[in-house]
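Student: So the chains spell out like this:
There are 2 protein chains.
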Amino acid sequence: MEAFVEKALLYDFYGELLTEHQREIYEDVVLNDYSISEVAAELGISRQGVHDQVKRVDKLLAGYEERLMLVKRFLDLKAKVGRIRETVSGCTADNLEEVKKTVAEISDSIMEEL
Amino acid sequence: MEAFVEKALLYDFYGELLTEHQREIYEDVVLNDYSISEVAAELGISRQGVHDQVKRVDKLLAGYEERLMLVKRFLDLKAKVGRIRETVSGCTADNLEEVKKTVAEISDSIMEEL
Chain E
6 MEAFVEKALL
16 YDFYGELLTE
26 HQREIYEDVV
36 LNDYSISEVA
46 AELGISRQGV
56 HDQVKRVDKL
66 LAGYEERLML
76 VKRFLDLKAK
86 VGRIRETVSG
96 CTADNLEEVK
106 KTVAEISDSI
116 MEEL
Chain B
6 MEAFVEKALL
16 YDFYGELLTE
26 HQREIYEDVV
36 LNDYSISEVA
46 AELGISRQGV
56 HDQVKRVDKL
66 LAGYEERLML
76 VKRFLDLKAK
86 VGRIRETVSG
96 CTADNLEEVK
106 KTVAEISDSI
116 MEEL
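Read top to bottom, the protein sequences are chains E and B. When the first sequence is numbered by our numbering, its final residue is 119 and no position is left out of the sequence of numbers. When the second sequence is numbered by our numbering, its final residue is 119 and no position is left out of the sequence of numbers.
Keep in mind the hints are simulated off the structure, nothing from the lab. Watch out, some of these pointers could steer you wrong.
One copy or any two copies: either way a pair holds, since identical chains are not told apart in the list.
Derived DMTMM-like pairs (lysine to aspartate or glutamate); straight-line CA-CA distance at most 20 Å [what the hints assert, rightly or not]: (1) Lys85 to Glu32; (2) Lys60 to Glu47; (3) Lys77 to Glu21; (4) Lys105 to Asp38; (5) Lys83 to Glu25; (6) Lys12 to Glu110; (7) Lys60 to Glu25; (8) Lys106 to Glu117; (9) Lys106 to Glu43; (10) Lys106 to Asp33; (11) Lys83 to Asp113; (12) Lys12 to Glu118; (13) Lys77 to Glu7.
Isolated chain E (complex conformation) (with noise of 0.2 Å):
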């Protein structure tokens, strides 16, 4: 996965449990990507302050995520969520029938893993 795009997704899910104050930085640096200079001049914060902050909050997704792995489980569940879209979009009269096995083998498979 690119890292931008995993980034934003630990954030996503994760970002609540950040103060305010780690929001406000690793939004502007990561994800809307404003320089280290800019936001620390905006906050009235030093350059150093505005890396370690970043690096911190991603040590703490990390760190939420090796926990709680939230982000694993959203794509597990988006990637089947899709395969049962795809089969069932697929069915016809004739694999009706096995359309409905897989379709149940797949819900399955999400009810044990939630």
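Assemble chain B onto chain E, guided by the hints.
Tutor: Showing chain B alone in chain E's frame:
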């Protein structure tokens, strides 16, 4: 939802964010239904200490749910996957197009909410 089921779900989702000490007490008292006195004796801490930790963990879990809403999202998702499973299971050559439409709609709404 029954209070015990809700606590068990919250613990299942957010337990990894607690300390090992908190998990031990919470599992013993809330999930395995040992008495406060038993747990206090076993861990060599006061009954008040056990009581306070349980209350503290209840608050922490509620706080995580307020921010991340994983239990709510999980229950919504479970209901939707169940609806897909049921819809497909009742599919016949006659209502095939309708089933495809319904499954596409529910899948889309799952994807949007993830």
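Student: Are the hints correct? Go through all of them and say.
Tutor: Hint by hint, here is what the structure shows:
1. Lys85 to Glu32: Classified as neither: same-chain Cα gap 30 Å, cross-chain 32 Å, threshold 20 Å.
2. Lys60 to Glu47: Only inside one copy: Lys60 and Glu47 sit 19 Å apart there, 41 Å across copies, limit 20 Å.
3. Lys77 to Glu21: both (18 Å within a copy, 16 Å between copies)
4. Lys105 to Asp38: This pair counts as neither: shortest intra-copy Cα distance 46 Å, inter-copy 41 Å.
5. Lys83 to Glu25: For Lys83 and Glu25, neither the intra-copy (29 Å) nor the inter-copy (32 Å) Cα distance is at most 20 Å.
6. Lys12 to Glu110: Neither: 32 Å inside a copy, 29 Å across copies.
7. Lys60 to Glu25: Classified as within; 16 Å inside a copy, 26 Å across copies.
8. Lys106 to Glu117: within (17 Å within a copy, 26 Å between copies)
9. Lys106 to Glu43: Intra 56 Å, inter 49 Å, cutoff 20 Å: neither.
10. Lys106 to Asp33: Neither: 48 Å inside a copy, 41 Å across copies.
11. Lys83 to Asp113: So Lys83 and Asp113 pass the 20 Å test inside a copy (15 Å) and across (10 Å) alike.
12. Lys12 to Glu118: between (24 Å within a copy, 19 Å between copies)
13. Lys77 to Glu7: within (14 Å within a copy, 29 Å between copies)
Checked against the numbered hints given earlier, the structure breaks hints 1, 4, 5, 6, 9 and 10 and satisfies all the rest.
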